[in-house]
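Undergrad: Position 13 of the sequence shown, counted from 1, bears residue number 13 in full-length UniProt numbering, the numbering being contiguous throughout.
Hints listed in this document are in silico derivations from the structure and should not be mistaken for laboratory results.
Warning: the hint list may mix true and false statements.
[Claimed, not checked] Between beta-carbon pairs, the in silico distance windows are:
1. 69 <-> 39: 28 to 36 Å
2. 91 <-> 5: 33 to 41 Å
3. 34 <-> 96: 35 to 43 Å
4. 118 <-> 84: 19 to 27 Å
5. 39 <-> 96: 34 to 42 Å
6. 44 <-> 115: 16 to 24 Å
7. 122 <-> 38: 13 to 21 Å
8. 16 <-> 74: 18 to 26 Å
9. 97 <-> 54: 26 to 34 Å
10. 16 <-> 40: 28 to 36 Å
11. 52 <-> 73: 26 to 34 Å
12. 96 <-> 117: 30 to 38 Å
13. 118 <-> 75: 20 to 28 Å
[Claimed, not checked] With a straight-line Cα cutoff of 30 Å, these simulated BS3-like cross-link-like pairs (lysine-lysine) come out:
14. 76 <-> 109
15. 73 <-> 121
16. 73 <-> 115
17. 121 <-> 76
18. 115 <-> 76
19. 73 <-> 109
The model shown is predicted, which means the values in this text are computed figures rather than measured ones.
All C-beta atoms in this analysis are idealised placements derived from N, C-alpha and C, irrespective of residue type, glycine included.
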Amino acid sequence: MLGTDLLPGSAVYMSVGNRVEKARADEEVTARVVGLCAGASGTEGRVDIQMQGTLSLTTAEWDAVAGTSDGLKAGKHYFLSETTPGAIVATTPTIVGRYVVVVGVATSKTEMLIKRGLPHKL
1 MLGTDLLPGS AVYMSVGNRV EKARADEEVT ARVVGLCAGA SGTEGRVDIQ
51 MQGTLSLTTA EWDAVAGTSD GLKAGKHYFL SETTPGAIVA TTPTIVGRYV
101 VVVGVATSKT EMLIKRGLPH KL
């Protein structure tokens, strides 16, 4: 896939021209998560997207996209952020008019089982 300015673990949606962009739970189109970046986008904009299974990243990489310290919290569900493009959060979104999108569940502080859900409007 092609995409720019993407960090490992960033949630993405499919844009035009076979490109992925940072997903965000504020609009239906941008809330349709296709997967998480398995690495950073390269110099030519190429990035690998993981759509299912377990994604393993370092605690620092998860911290950058989840706003955590010391990685993920095992057993917690993570959702697409309503406010920060590409980010995931451990709290269910609550802003009326926005979307709840399950991204996955942490199995350890460095691994997430991707469980993409459809956007549900609040």
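Undergrad: So, for every hint listed, does it hold in this structure?
TA: Status of the hints after comparison with the structure:
no., hint, in the structure
1, 69 <-> 39: 28 to 36 Å, "22 Å, violated"
2, 91 <-> 5: 33 to 41 Å, "25 Å, violated"
3, 34 <-> 96: 35 to 43 Å, "26 Å, violated"
4, 118 <-> 84: 19 to 27 Å, "21 Å, holds"
5, 39 <-> 96: 34 to 42 Å, "36 Å, holds"
6, 44 <-> 115: 16 to 24 Å, "31 Å, violated"
7, 122 <-> 38: 13 to 21 Å, "30 Å, violated"
8, 16 <-> 74: 18 to 26 Å, "37 Å, violated"
9, 97 <-> 54: 26 to 34 Å, "33 Å, holds"
10, 16 <-> 40: 28 to 36 Å, "22 Å, violated"
11, 52 <-> 73: 26 to 34 Å, "21 Å, violated"
12, 96 <-> 117: 30 to 38 Å, "19 Å, violated"
13, 118 <-> 75: 20 to 28 Å, "23 Å, holds"
14, 76 <-> 109, "10 Å, holds"
15, 73 <-> 121, "26 Å, holds"
16, 73 <-> 115, "16 Å, holds"
17, 121 <-> 76, "21 Å, holds"
18, 115 <-> 76, "12 Å, holds"
19, 73 <-> 109, "6 Å, holds"
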